Amino acid sequence: MKNGFLNCFRGLLATGLWLAAASLAHAGGTLTVSSAQDPGSWDPVDTYLVAWAAVATNLYDGLTYRQPDGRLVAGLATSWETLDGGKRIRFHLRQGVTFHDGEPFNARAVKFTFERLLGDQGSKGPQKSNYAAIDHVAIIDAFTVDFYLKLIDPVLLTKLAGYGAMIVPPDYIEEHGEDWFNSHPIGTGPFKFVSYEPKVEISLERFEDFWGTKANISRLDYRFIAEPATAVAELQAGRIDLVMPPGVPIGMVGTIKNKPELEVVTAPGPSVYALRFNTARGITRDERVRKAMILGVDRQAIIDSILGGYAAPIASFQSALSFGYDPDLSPLPYDPDLARRLLKQAGIKPGTQLRIDIRNNNASFNEAVQAVAGYLQMIELNATIKLYESNYFLNDIVPQGKTGELFQQAWGGWTFDYDNTAYFMYHTGEKWNPYDRDAKLDKMLESQRMITDRDQRQSALRAIAKYVADHALELPLYNPNEIFGLNRRVHNFTPVPDSRLRLNQVSVD
Amino acid sequence: MAGFLLKRLLQALFVMVAVTLIVAFAIRLTGDPALMLTQGSAAVTEADLERIREALGLNQPFFVQYLSFLRGLVSLDFGRSFIGGTPVSQLIAKALPATLSLALSSMLIAIALSVPLGIKAAVARGKWADQLIRICSLAGLSFPNFWLATMMVLVFSITLGWLPPSGMSGFSSLIMPAVTMGVILTATNVRLVRTAMLETLQAQYIMVARAKGLGERAVLYKHGLRNCAIPLITWFGLQFGALIGGIVVVERVFNWPGLGTLAFDAVAARDYPVLQAVITVLSLLIIAVNLVVDIAYGLIDPRVRVR
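First to last, the sequence lines map onto chains A and B. Under my numbering, think of the first position of the first sequence as 447, with each following residue one higher. Under my numbering, think of the first position of the second sequence as 1394, with each following residue one higher.
Note that these hints are calculated values from the structure, not bench results. Errors might be hidden in some of the hints.
[Stated by the list, open to error] Computed cross-link-like contacts, DSSO-like style, restricted to lysine-lysine with a CA-CA straight-line distance of at most 30 Å: (1) B:1520 x A:645; (2) A:886 x A:912; (3) A:570 x A:645; (4) A:570 x B:1520.
On a predicted model such as this, the values are computed, not experimentally measured, just so you know.
Construct the complete structure from the given sequences, taking the supplied hints into account.
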């Protein structure tokens, strides 16, 4: 009996100590983040997923780094110069940097990274195509490399700041093999890998020898939670400190704001949403009809009511952060009377039927399109909405030119360059351009790619945006914000537009 | 018994080949995994897609792909996930115990609740207890499981803070998903137990048992329950299959890392190897449960054994 009491007492004591230790660890700073998806591999060449970048931005560095404000600054390269009329870029590398396992970073690592990306290993994955402009990398000395380009890629320096261009450790990969690297990533970033349980979580800890600003928090855990309601419940229960986009649906913003210890932080997002017109068939062949539809839909009202104001109107298929965005190009106003007149001129009978094809995976866009159909009803066009499963829509409907009069276009290039979407949407023969054949537009799209001067290229891109808007090739809708759910114990948090969220500045209570 | 088992095994083999063949064929009808990997990105050319398809082994003829899947099955090698290349066997090894523990706990809760309640309702037929149980079961039937799940999270995790809202971390995280599934199963089961019991209670041997002067408890549990066990066990067995189907929603809401979650993601991403493996494992599971049910017949009802 006495022993029993003693054991019981010991047990209590141990529990008490454990609790104390647990709370100490808490004060030492663990940040728990919810991310919507497990990319399955942490290898930079393997994935296109935003959910990969959300974590990997803390593990790896690129030669360049793009700050949350969009400015491109030095990363593992301290400086660079463009040579041979843009066909060669020389990078001077940062010295004294080591990978998480102690392996030194140098020119060899850079060469290895890009040979791997552009070689057999990269060929199996989706990232290679983004770096097709690079021909090869030559080592000049231990801390200088030259990138030889096949063609000028004005967006290359930005692309070097993310995804496939993250610098990986050659010795580590050669020693442990590709499979091991997929699940045990090593980079030079502010946090290093601790453990990974597929579909459940990945844990990182502070890398003490990071070359830049060392992390405030000592541990960084990402839990994969696919269901937004669940992620928000975890935030409310205080078990998660930060919900990454797209984890907070607009409908739940109010729920979070109601709790005093939680807050909602937003940044303009990378994606833009539009309904494109079938310019080859049906009533939307007529430019007047297309303009009438744009004029007939009150886009600002849709943003205010359905998106809770967490979006910006757009005039072309790009956000305000995009290179090629023109602040002077404003969207067509909401003018249903003018819309009706234009339809009448075009000889469209009231009650004409048309179809809007969209993907079924985005609740707020779905609602927005229902509102669009409602507005079209008011200018006496009867629109029916057809929902498709995403993969089917992207594979069998759009590229095959089987859409209705209007169809969804939603893209978010993390590089924020208008070329990244415009070329593929408007150039003749491109997969994502099933309908338009316009030699003049083709020429504009091709020629801007050859321009190395930043300002000249910007005005070329702006001219394209204006041309597309003048010909009303799409019904531009909005650019939604990225919404982060945050516990107020987290300080110094700066939201980013593209989920490439580096958390070394953040601290926790 | 050996002959019976052998016959069952052959049937199982046939069912599995049929199921995997249909699934492998159907998932290839729409969509393209290479497109899913590249997220429909603009910069990806048709040549890039072709390259990725080749790396994934997708440009081989369907039957070559299917046969290599079957070959892998024999050595328990399900291939690699298209998303990230994790070996599928690794994913299954994590997800199967998660789903099994959830499914079994739900079944246990459902049986523990529905058998006594069903008997009570049968005995008190037409009285207030019967009415109350029937109304509750009707209400239980009408709840969608995701609604019940959300309400439980709201009450027990957010308001009271007693249970974790999601994830799989120890016993406390099992309670809400298991109860959600269990309550919904109970709603159907109660009605079944009640009906089966009512039928049994009208049989002559019950009258005999009562006439012998046996206590009500002995009459109900020894004579009554054992005799209505056969239809109930069949039902519970069948229900297990349906339960595995319904578990997808509950797993997703509670972020339970089981087979349902795995299958859900695999369908969305056209991750053929993962989906084929999950379906194979699930059909094996259902076949096994049915086998157990058949064997249980013999144990409970001597008449089956004689035949």
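Here's how the hints hold up against the structure:
no. : hint           : result
1   : B:1520 x A:645 : violated, 50 Å
2   : A:886 x A:912  : holds, 13 Å
3   : A:570 x A:645  : holds, 22 Å
4   : A:570 x B:1520 : violated, 69 Å
Against the hints set out earlier in the document, violations occur for numbers 1 and 4.
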